[in-house]
Amino acid sequence: MKKLFPLHHVMGYLFSLVLSVVALSVVFWDMSPAVGMTILLVSATIQMGVQLFLFMHINEGGSKKALYTNIAYALFVGLVTVFGTLLTMIWGYK
Amino acid sequence: MKLDNTLPLEYRSEENSNRIFGFWLFLGAEIVLFSTLFAVYLTLWNRTGNGPSGHEIFEIGPVLIETFLLLTSSFTIGLAINSMRQGFKKATLVFFLITLLLGLGFLGVEIMEFVTYVHEGATLQTSAFLSSLFVLLGTHGAHVTLGLLWGGGLMLQIKREGFTLDTANKSFIFSLYWHFLDVVWIFIFSFVYLKGLM
Amino acid sequence: MKWDEFFVTGEPMIYGAMVSIVVATLAIIIGLTYFKKWGYLWREWLTTVDHKRIGIMYIISALLMLFRGGVDGLLMRAQLAVPENGLLDGQHYNEIFTTHGVIMILFMAMPFVIGLMNVVVPLQIGARDVAFPRLNAVSFWLFFAGAMLFNISFVIGGSPDAGWTAYFPLASIEFSPTVGNNYYSIALQIAGIGTLMTGVNFIATILKMRAPGMTLMRMPMFTWSVLITCVIILFAFPVLTVALALMMFDRMFGSQFFTMANGGMDMLWANLFWVWGHPEVYIVILPAFGIYSEIISTFSRKNLYGYKSMVWSMIVISLLSFVVWAHHFYTMGHGVMVNGIFSITTMAIAIPTGVKIFNWLFTLHKGRIEFTTPMLYSLAFIPIFTIGGVTGVMLAMASADYQYHNTMFLVAHFHYVLIPGTVFAVIAGFYYWFPKLFGFRLNERQGKLAFWTIAISFNVTFLPLFFLGLKGMTRRMYTYSESTGFGPLNLIASIGSVGLAIGFILLVYNIYWSFRYAPRDTTGDPWNARTLEWSTHSPVPEYNFAVVPKVNGLDPFWEAKKGGPALYEDKIEEIHMPNNSGQPVILGIIFFFFGFFMVFSWWVPAIVAGIGVLVMLAVRSFERDHGRHIPVKEILETESRLRGEQV
Chain A
1 MKKLFPLHHV MGYLFSLVLS VVALSVVFWD MSPAVGMTIL LVSATIQMGV QLFLFMHINE
61 GGSKKALYTN IAYALFVGLV TVFGTLLTMI WGYK
Chain B
1 MKLDNTLPLE YRSEENSNRI FGFWLFLGAE IVLFSTLFAV YLTLWNRTGN GPSGHEIFEI
61 GPVLIETFLL LTSSFTIGLA INSMRQGFKK ATLVFFLITL LLGLGFLGVE IMEFVTYVHE
121 GATLQTSAFL SSLFVLLGTH GAHVTLGLLW GGGLMLQIKR EGFTLDTANK SFIFSLYWHF
181 LDVVWIFIFS FVYLKGLM
Chain C
1 MKWDEFFVTG EPMIYGAMVS IVVATLAIII GLTYFKKWGY LWREWLTTVD HKRIGIMYII
61 SALLMLFRGG VDGLLMRAQL AVPENGLLDG QHYNEIFTTH GVIMILFMAM PFVIGLMNVV
121 VPLQIGARDV AFPRLNAVSF WLFFAGAMLF NISFVIGGSP DAGWTAYFPL ASIEFSPTVG
181 NNYYSIALQI AGIGTLMTGV NFIATILKMR APGMTLMRMP MFTWSVLITC VIILFAFPVL
241 TVALALMMFD RMFGSQFFTM ANGGMDMLWA NLFWVWGHPE VYIVILPAFG IYSEIISTFS
301 RKNLYGYKSM VWSMIVISLL SFVVWAHHFY TMGHGVMVNG IFSITTMAIA IPTGVKIFNW
361 LFTLHKGRIE FTTPMLYSLA FIPIFTIGGV TGVMLAMASA DYQYHNTMFL VAHFHYVLIP
421 GTVFAVIAGF YYWFPKLFGF RLNERQGKLA FWTIAISFNV TFLPLFFLGL KGMTRRMYTY
481 SESTGFGPLN LIASIGSVGL AIGFILLVYN IYWSFRYAPR DTTGDPWNAR TLEWSTHSPV
541 PEYNFAVVPK VNGLDPFWEA KKGGPALYED KIEEIHMPNN SGQPVILGII FFFFGFFMVF
601 SWWVPAIVAG IGVLVMLAVR SFERDHGRHI PVKEILETES RLRGEQV
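Protein chains in written order, with UniProt numbering: chain A, 1 to 94; chain B, 1 to 198; chain C, 1 to 647.
Simulated from the structure, these hints should not be mistaken for lab results.
Careful, some of the hints might be misleading.
Stated by the list, open to error - Straight-line C-alpha distance at most 25 Å; calculated SDA-like pairs for lysine to any residue:
1) K195/B / A66/A
2) K37/C / F515/C
3) K37/C / R134/C
4) K52/C / Y517/C
5) K571/C / R624/C
6) K65/A / R85/B
7) K208/C / S313/C
8) K65/A / L3/B
9) K3/A / F26/B
10) K64/A / R624/C
11) K308/C / H57/A
12) K550/C / A66/A
13) K159/B / K571/C
14) K561/C / S313/C
15) K208/C / H57/A
16) K208/C / Y543/C
17) K64/A / V94/B
Unchecked claim - If you want a taste of the chain B side facing chain C, the calculated C-beta under 7 Å gives, among others:
18) L42
19) W45
20) R47
21) G49
22) P52
23) I57
24) F58
25) L101
26) Q125
27) A128
28) A142
29) H143
30) T145
31) G152
32) M155
Every residue, glycine too, gets a C-beta built ideally from N, C-alpha and C.
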């Protein structure tokens, strides 16, 4: 059984469930939008890390540097697209 | 063929390790693809026209079920790869099957959710908000559907051939894909549903 | 749908085109059958996974598209040559400038660049093929399916007519009710998927398949430029994928993304289009920088000045290229803050670009310069491109841009960037690497004649447009009155465009003549060049290198020729090569029909074709193809035959 359910996988799973519950708190507790968004951003980012490192084994294999660069570049372009679009389409008119 | 026996089977040939690397690159492109869909959604989310808003149509119950199913399936596909690395064929197949069934369950709940929306008069054509919602969720759902077909095919191949350079490599790549879909769902869960209900 | 809605009718020019399409198709089919070449075509070309042949097919397609797009350009110039001209009506003119733009950028510049990367990159890094040869063939056939789908639009259903940028609401079903913009969204989508796969393939190739000893900082500059280009492709094309999908949903399924009511936001299209569109400009320009770097270094007989700064400037350009897109719509009405931010990022791009210009000049400095045809294009590029760049900085200033926006000044600017940048570069690269592929050089005298005709005519065509723009002539006007005073400069530009056409005809004649009469090159290194691709035979054998080279520094072949460490020390061993496959071309054909049915919203056949695509994917998943091995004896025979020895 131990071989089939290695500890770090089980921990990762439990951790991701806990993080989902933490994120859920924004719906049930009264809080300002800024605090709510911060909780969502932090919990989602940690969840992504759990998947990348514990489940997807991004840090194994011989091309670690290239893989990190790849993900970093993708996140850079993704964030620029999201926030740049919000800037030019919505915030820029205020 | 040069084989490096210190590595897990799925990395062992040069071709295999190139494929895994190439798939990571593809996932980089997928990150940008979903980011763009999020950019569209976040730009249009309060442009509801005459249609309902997210607060009016979102229900937390089905969303929690979906989240639980997908998180668990991401866990089980991880276990499948873990068993594969130890050469347990039967356990791998069982975990694969559980993963795909959970994925199927997710898809079923999502389709029911879509049907409910449409019954409430919230369709793709109603408003910019709903268009962006349906296309964002639909793109993720289409990825899950493709994953189900792909995973089913892989199960057949593992059953037939056991763990070879080919099947181990394909299974590992499939697991990357599946974990990635889980990550995307976390962001949908947080920034579509929870933000909408906040 | 009636037949006269399906085919475009009522235009003599279109009837002529229909007849010529039918005649050309028949001629090809009859010719192939008569000369019994079907089997050859299938075995050697349609099913090939060899990067060199795929490269050649890309380049041939690009040349064909150059002529299609060129005819569009000539028609536009003919219409504008004199005031109140009646050659084309407004609708026809709209379709022509739309297809001219789309074809030149996506179906000419991109495939030409990708064709050269296919041919050159594996050779420059000492690899036997790309990382995923089968995927490479899929990329080509998806590009080709998209290109053909886009091209049939002008006889079947009507071409898109909302500009190559397809701005909403003009491109919406309300204002463009024909299927034209359906073609746009679907043909570009199919070709775009192919391009994305090329990006993945070449990053993996360059990062994972280099010959031993070739560290990143020993890579030839063209390979570096391709690596950076592919990174931009990888992260920019998904944005286009989404934008085109949303366009398709709006036009075919009634969604409300870019509509004028129900919360839709028409400018969101422009935003998404340029989030992809600006990086796209760098996708076609960076490889050009790489090509020029190789050529200038070779024909100055010096190593490239400032190698590291060249690399870093490209990396900086690739990042900056993602943060400047809003400069394409300064006049949209967002506030000073947004325009200010994007003005600054845009002007910042001029810095790394300027670094490159100076590096080329310093490479030339004190070099023993040889004026070959590729070198002439490279030398002409530097000043002409600088004019394009400087006018770009003028446009980058948001407040000044209100004056230039959407005028002929802008048209002149981007032609001054793209033609000496990309077009001159691909022609120069074509002349430069042609002997590697075919084993002989193109005739230099004819090449130089074509060069001078093209370079001079280019300036005659596009320089007047700067002044027309400053006088207030807007782009995309299908005619103008005499009282505007635009007549004389327009006439000069139109005369120049005829010169350009003559130049390209000379170029084609140059190729034809050289195929028949040019002396064969047996050295494999006709230019006395520096990088690895010149160290193997011309034409290159299918396995590229009999022995994998060992690299000890920058410009390893040059160093080896000068008495440095030898490149080839190992013994010949059997070589593993991938097998040919018919699946990519079949997948391309299915995608073509899938796209065609989608354009006309014929759902049942579209679903059938869609299932066909899934079946092809499944077939590939269940296939086990581990390639083949070329035995040592066969390699030895090929090698001695290529050295010109009697076997």
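Here is what the structure says about each hint:
no., hint, result
1, K195/B / A66/A, "violated, 34 Å"
2, K37/C / F515/C, "holds, 20 Å"
3, K37/C / R134/C, "holds, 24 Å"
4, K52/C / Y517/C, "holds, 23 Å"
5, K571/C / R624/C, "violated, 30 Å"
6, K65/A / R85/B, "holds, 24 Å"
7, K208/C / S313/C, "holds, 23 Å"
8, K65/A / L3/B, "holds, 23 Å"
9, K3/A / F26/B, "violated, 31 Å"
10, K64/A / R624/C, "violated, 29 Å"
11, K308/C / H57/A, "violated, 33 Å"
12, K550/C / A66/A, "holds, 23 Å"
13, K159/B / K571/C, "violated, 42 Å"
14, K561/C / S313/C, "violated, 30 Å"
15, K208/C / H57/A, "holds, 19 Å"
16, K208/C / Y543/C, "holds, 18 Å"
17, K64/A / V94/B, "violated, 31 Å"
18, L42, "violated, 11 Å"
19, W45, "violated, 10 Å"
20, R47, "holds, 3 Å"
21, G49, "holds, 3 Å"
22, P52, "violated, 12 Å"
23, I57, "violated, 15 Å"
24, F58, "violated, 17 Å"
25, L101, "violated, 21 Å"
26, Q125, "holds, 4 Å"
27, A128, "holds, 4 Å"
28, A142, "violated, 11 Å"
29, H143, "violated, 13 Å"
30, T145, "violated, 11 Å"
31, G152, "violated, 10 Å"
32, M155, "violated, 12 Å"
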